[in-house]
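Asker: Here is what each chain is made of, one letter per residue.
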Amino acid sequence: MAEFEPKIVAFVCNWCTYAGADLTGTSRIKYASNVRIVRFPCTGRIDYMLLLKAFDEGADGIIVSGCHPNDCHYTSGNFHARRRWMAFRSLCDFIGIDTRRIKFSWVSAAEGAKWADIVNTTVASVRELGPYDEYKKVAKKPVKEESHG
Amino acid sequence: MAKIGVFICHCGENISATVDCAKVAEVVGKYDGVAISLDYKYMCSDPGQNLIKKAIVEKGLTGVVVASCSPRMHEPTFRKACAEAGLNPYMCEMANLREHCSWVHEKGEATTQKAIDLVRTIVEKVKHNQSLDAIKVPVTKTALVIGGGIAGIQASLDIANSGHKVILIEKDPSIGGHMSQLSETFPTLDCSQCILTPRMVEVAQHPNITLYTYAELESIDGFIGNFKVKIRKKAKSIDEKICTGCGLCTTKCPNKKNPSEFNEGLGNRTAIYVPFPQAVPNKPVIDKALCTYYTKGKCKICEKFCPAHAIRFDQEDEIIEVPVGAIVLATGFAVKKTDFFPEYGYGRHPDIITGLQFERLASASGPTLGEIRRPSDGKIPETIVFVACAGSRDEAKGIPYCSKICCMYTAKHAMLYQHKVHGGKSYVFYMDIRAGGKMYDEFVRRAIEEDGVNYIRGRVSRVYEKNGKLIVKGADTLLGAMPVEIEADMVVLATAGVANEGAEELAQKLHVSYDPYHFFAEAHPKLKPVETNTAGIFLAGACQAPRDIPESVAMASGAAAKVAGLFSQDELTREPLIAVVNRQAPPVFSSCVGCFLCMSACPYHAIEKEEIKNRQGEVLKTVAKVNPGLCQGCGTCVAFCRTKSIDIQGYTHEEVYSEVMALLND
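The listed protein sequences derive, respectively, from chains A and B.
Just so we're aligned, residue 1 is where the first sequence starts under this note's numbering, counting upward by one.
Just so we're aligned, residue 1 is where the second sequence starts under this note's numbering, counting upward by one.
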């Protein structure tokens, strides 16, 4: 059986992590192709319902990444995101969502290598956890059976 | 029904080397709503752009997806091309196949599949995109400059000379700031007043500049291009229009023994006073806190003697309201006083003074007419010690930063002392000499090599009095921390430069960020050094960080250029990617329930309360409203909103959810 290829969705801010991922590209640093990036103006915009939606749609793991503390293009959006993540994480723990599948990190526009590293480690750790079948079983719209990878 | 055009770029071989572009175009072409899907070698080239334009016109496209490089690179290019073909530019989006796919993955099925997924999500997003129009706001072409030091003066003159009106306010009775207090300036040793006072006069006489001295900012409202500021003109107790500035009142005032701020307490002034002879405007004010009439109800001697009958004891503070389009903050800095240093005498000994006090002693217009004399007994000090970094770079004092100007002015002080007191001995205790700047290091070398100033690398631990001498104890770290003890007649502390006392309050009033030391924060430490986070408010000089004169002037001219750029337009055009609160038909009006969580989350204070009224003028509902002039489009409010009533254009709920829903479902 082929190795399980997790589906990873990344929610990133335009100014730091998106630009950082661009730098990964211009530096030609290779990383796992499992990740799909969604661009936001700021991590402060990221409504955590979107994370649940991504799981709902069949994601096995999620990355949220923005500017480092004090580097936010909009002064404080990343602090709001971080505070919200603290609350959201407790909620996830309470309702039984596996927070090991969500990676919260800071990647600056100069950290192309760090972005590749985060994607690779997240893919590896989610691969170890296996497909998120628990969520898929209760999802409103069950994802059709498919061979992973 | 959506008609989306998808244009896959090969980027030469940058994308096509690892992604099967033809296959992507073929698969995507079968999706609902995709009217045309094709691939081409260079989409950003003229023929490539023409392909897009032609398709828009011929197929009547409602949206365009260009799958090529990062939108951070070519989004403006393709949006412009779409606009030229008659499609709203915000109906064009890009899928990042190069930086996020072809360059970072190996050639193969999985990479092509990822490219298809990326294009599909953007197609779904574009289906939900809305046409947006650029935002236009009018501009009031008058600038407010706060602070009349060299930075404020320079900014005012530059803006005024570019043809725009300037209102300059200064809290003291005269403009001039700290620079007017200085004796000579490094590294040229030219007289500070000689270069400054002509500028001060120019400000007063400039037809485009309105000068309000003894005035402070009361409140501010509005946004870039459209501020409304209230200015408090403190009562001067004289009628400026009648006063001739003869100065008779200041010689007759019996209340003479008040420490002069201009002379840093080394001289006295009267209660009715002109801060210094070259003051602009050169008309006196009555210090209400000191005047005998105001404090005891009797005196009025100035009124009796004034030949012009210009004294007005009944004058009150006046508040004026003016519309301005931009604001330059040039409020400067303050220096720590000697009582900040218990180990260095705790402000107890009159002959331990600050660098700024030494400037007054060395100045020809100072209390000693430029002779270096001890404040205690007027004797000329035979041995003088300068202590650099008094407070600066000292975590224990709460000032870890370098005050930047002290190395240079300490070298200047020692040099001036050597020039004025022949045969005198001068010592400088320093940590490091930071003389980065044109001709700066040469200047310090001159002090050491030509004027014979003794530089000792090490810190001073104590200064105390013994037998009429000031004993300075320190260490020479270049001699293995050998203890050094100097019997001095006078000690000058290069005390730390700090933010002005009211800086924090002013920053809060203007919604400008500030650092832990209450210096105003620039919008970006490298690329936006004169902007603040509040659009339309700029910084000049030492209110942002300790700065010397050339830097303050350069920064002021930079800020003035920004203001002139802003005023070169009649209307400001901004990207419409900002937040909006939804509006619905009565009786709901908006799903906003008026909790105003968004208001507390917004870093730009862009959210206002709007009252929805009926025809009788009764308030039916209070809802949030976004000020398009202030909103920067971060979307923090969106994630805060409990009822999903606020949305960010270009990243609406519909758009991002449809993106996420299309990501994984094929």
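Any given hint could turn out to be false.
With a straight-line cut-off of 25 Å between C-alpha atoms, the simulated SDA-like cross-links for lysine to any residue are [unchecked claim]: (1) B/Lys107 <-> A/Thr75; (2) B/Lys526 <-> A/Ala109; (3) B/Lys509 <-> A/Thr75; (4) B/Lys526 <-> A/Ala110.
To be clear, the hints were calculated from the coordinates, so they are not data collected in a lab.
Asker: Each hint needs a verdict: does it hold in this structure or not?
Answerer: Hint-by-hint comparison with the structure:
Restraint check: the Cα-Cα separation between B/Lys107 and A/Thr75 comes to about 40 Å, which exceeds 25 Å; the hinted pair is violated. As the CA atoms of B/Lys526 and A/Ala109 are separated by approximately 15 Å, the hinted pair is consistent with the 25 Å bound. Taking the CA atoms of B/Lys509 and A/Thr75, the gap is near 18 Å; set against the 25 Å cutoff, the hint holds. For a cut-off of 25 Å, the pair hint linking B/Lys526 to A/Ala110 stands: about 15 Å separates their Cα positions.
The structure fails to meet hint 1 from the earlier list, while all remaining hints are met.
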